[in-house]
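Novice: Modelling step: build the complete structure from the supplied sequences, incorporating the hints.
Going line by line, the protein sequences match chains R and P. Under my numbering, the first residue of the first sequence is numbered 5, with each subsequent residue one higher. Under my numbering, the first residue of the second sequence is numbered 43, with each subsequent residue one higher.
Calculated from the structure, these hints are not laboratory results. Since the model is a prediction, treat every value here as computed from it, not as a measurement. Do not take every clue at face value.
As the list claims (entries may be wrong) - As a list, the in silico DMTMM-like pairs of lysine to aspartate or glutamate whose alpha-carbon atoms are at most 25 angstroms apart:
#	chain 1	residue 1	chain 2	residue 2
1	R	Lys107	R	Glu156
2	P	Lys135	R	Asp59
3	R	Lys73	R	Asp122
4	R	Lys229	R	Glu278
5	P	Lys226	R	Asp59
6	P	Lys136	R	Glu20
7	R	Lys133	P	Glu98
8	R	Lys133	P	Glu211
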Amino acid sequence: MDLKVFAVCKSYGDVEALKYVELKVEKGEFFTLLGPSGCGKTTLLRVVAGLEMADSGMVMLGGEAITWKPANERPVNTVFQSYALFPHLTVLENISFGLISRKIPKAEAIIKAKEMLDLVQLDGFGDRKPDQMSGGQRQRVALARALANEPELLLLDEPMSALDAKLRVQVQIELRQIQQRLEKTFIMVTHDQQEALTVSDRMAVMNVGEVAQMGDVREVYDRPKSKFVADFLQTQNFIEAERVADHRIRTTYGEWAVTDPVPWEKGTVTVRPENLSVTSDSAACTFKGRVETSLYRGCYQELFLDNGLQVETESVRPFAKGEEVMVNVPQEAVVMLND
Amino acid sequence: MRRGNSTGITMTSVGVFILFYIPLLCVAMFSFNANKFGLTWGGFTFDWYAKMFHNEVIMKAAWNTLLLAVVSTLLSTVLGTMLAIGMYRFPWKKKTMGKLDMLLHLPVVTPDIIFAVALVIAFSAIRHFTGLFELGMPSMIVGHVTFQISFVALVVRGRLEMIGHDVEEAAYDLYADHKRVLFKILLPLLKPGIMAGAMLAFTLSLDDFVISFFTAGPKSTTLPLFIYSALKRGVTPEIHALSTIIMILTIVLVLAMQKFTAKNGGEMH
Numbered sequence: 005m006d007l008k009v010f011a012v013c014k015s016y017g018d019v020e021a022l023k024y025v026e027l028k029v030e031k032g033e034f035f036t037l038l039g040p041s042g043c044g045k046t047t048l049l050r051v052v053a054g055l056e057m058a059d060s061g062m063v064m065l066g067g068e069a070i071t072w073k074p075a076n077e078r079p080v081n082t083v084f085q086s087y088a089l090f091p092h093l094t095v096l097e098n099i100s101f102g103l104i105s106r107k108i109p110k111a112e113a114i115i116k117a118k119e120m121l122d123l124v125q126l127d128g129f130g131d132r133k134p135d136q137m138s139g140g141q142r143q144r145v146a147l148a149r150a151l152a153n154e155p156e157l158l159l160l161d162e163p164m165s166a167l168d169a170k171l172r173v174q175v176q177i178e179l180r181q182i183q184q185r186l187e188k189t190f191i192m193v194t195h196d197q198q199e200a201l202t203v204s205d206r207m208a209v210m211n212v213g214e215v216a217q218m219g220d221v222r223e224v225y226d227r228p229k230s231k232f233v234a235d236f237l238q239t240q241n242f243i244e245a246e247r248v249a250d251h252r253i254r255t256t257y258g259e260w261a262v263t264d265p266v267p268w269e270k271g272t273v274t275v276r277p278e279n280l281s282v283t284s285d286s287a288a289c290t291f292k293g294r295v296e297t298s299l300y301r302g303c304y305q306e307l308f309l310d311n312g313l314q315v316e317t318e319s320v321r322p323f324a325k326g327e328e329v330m331v332n333v334p335q336e337a338v339v340m341l342n343d
Numbered sequence: 043m044r045r046g047n048s049t050g051i052t053m054t055s056v057g058v059f060i061l062f063y064i065p066l067l068c069v070a071m072f073s074f075n076a077n078k079f080g081l082t083w084g085g086f087t088f089d090w091y092a093k094m095f096h097n098e099v100i101m102k103a104a105w106n107t108l109l110l111a112v113v114s115t116l117l118s119t120v121l122g123t124m125l126a127i128g129m130y131r132f133p134w135k136k137k138t139m140g141k142l143d144m145l146l147h148l149p150v151v152t153p154d155i156i157f158a159v160a161l162v163i164a165f166s167a168i169r170h171f172t173g174l175f176e177l178g179m180p181s182m183i184v185g186h187v188t189f190q191i192s193f194v195a196l197v198v199r200g201r202l203e204m205i206g207h208d209v210e211e212a213a214y215d216l217y218a219d220h221k222r223v224l225f226k227i228l229l230p231l232l233k234p235g236i237m238a239g240a241m242l243a244f245t246l247s248l249d250d251f252v253i254s255f256f257t258a259g260p261k262s263t264t265l266p267l268f269i270y271s272a273l274k275r276g277v278t279p280e281i282h283a284l285s286t287i288i289m290i291l292t293i294v295l296v297l298a299m300q301k302f303t304a305k306n307g308g309e310m311h
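Specialist: Shown next as structure tokens:
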């Protein structure tokens, strides 16, 4: 079902965790709430789950207002950051817990729970207790426990934060595959932009209780609208600029042609290091700079120039300190920021 | 240097333990001494134990002690657990929580004698207006429960803090109602804490003297009260035997409590 959040506010004492948050998540979509810690993303997730009640505003699921419904009456399930498995119950009992809460006959619940174990590739682990399993396995149990109820909406609160880097990538792929197979609506909270980009269709970047930007992951990544979003998505190069013409700006690095229309007289543009390239063709040279530091990263290398900009380039040859390089800035790579 | 130091520490701790246990060992030894008076060893005997078990006054006192301990423990365990859950789970303001915390700790640190006098005054006030609470077993049970509750609640609350809110939230998220969360999640997870609290309450009741002394009626003598009154007529080996048995019982309880908390304590992590 689709989820709509209208003007939701939530405060803890003097701290405003959510300020008039608006959100729209389509049916069958993998949506991610991305933001630094303390931005209110987890609070928003808990408001949707019913674990916190909004101070004001409205939460609608599939056209029905659920703002004041308690957690146990919402067709929504959560994968908790700590997994929150019941330590005194077996894996199978954990997974069937929700089904039995809803008075589904035990035999049926067990069959369904076993199906779920299969789905997360843990068949044969049903009789174990959570503390006899590894972190990755527990994470799968938490997922299976939530999915067993066939929720209209699955919420995932930093589901991979406790996993090591290698396992995290694997789980990301699996999670994406499961979501596409089940065609359910998933909403995930994370502070890891890679994770957000990897698994989601759309995302919202949050900053101190507000949604800073929402949209398709590619769109948000390629066209951040504000300094905060650009910085959080690590565009690295921020450049003060002045408008010369509709598609032309003046910076301290010279005059640049840009694809996007220039919306202001004076403002900031940003451009990703990986979109810049070192060129030997003086016709393609947008500006010149001297290499201050170069970092070898395997398939690419990072150059820190004396003019303060960062460039990522291929690892074909090492660059010496002080070497002058010509840098090409493609027109379409320059992003206008609105603040 | 280090070696000498650690020998010193070992010697000291052995010394301390000897100081701790010599009096208790003496009592245990005298309970087997055939010589009724004096400190001379007159041979090994179980006579005092046999006599003790045939002494109706002692048996009655033992029964009273057990009844008092069991009933007060049951009541205080239920009440203390409820108190702990209420205190920890209700969204109190920080300030209120601090005050409640102090109120909970107060009975633990209040001197027994003050607590006992307060109870006597409270009972007589109630008696004055309602005619209830003639001193005796019921008043003793109430007295014991009032000081046991704090201990139970503190132990249970420690366990609650260890469990955290997550699992409960997960249970609500999985469509469980309050009843199901309480009986299927919270109480099973709290069990080690509740058991530890109950055993603590039980041992506290078993050897309580001051509060029993003030709230007892003529027919509700407990073992500690009996021993105290018997001492006035001189220490008999029967009392040694009785003390030894109480001592062993306490040790068994403490061991059981330790084993229980050790077995279930690590489960959460």
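Novice: Determine for every hint whether it applies to the structure shown.
Specialist: Right, here's what the structure says about each hint:
1. R:Lys107 x R:Glu156: holds, 18 angstroms
2. P:Lys135 x R:Asp59: Measuring from Cα to Cα gives roughly 17 angstroms; hence the hint holds.
3. R:Lys73 x R:Asp122: The given pair, whose Cα atoms are some 32 angstroms apart, is violated under the 25 angstroms limit.
4. R:Lys229 x R:Glu278: holds, 19 angstroms
5. P:Lys226 x R:Asp59: violated, 31 angstroms
6. P:Lys136 x R:Glu20: holds, 18 angstroms
7. R:Lys133 x P:Glu98: violated, 52 angstroms
8. R:Lys133 x P:Glu211: At roughly 20 angstroms apart (the allowed maximum being 25 angstroms), Glu211 of chain P and Lys133 of chain R satisfy the hint.
Taken one by one, the earlier hints fail for this structure at numbers 3, 5 and 7, listed in ascending order.
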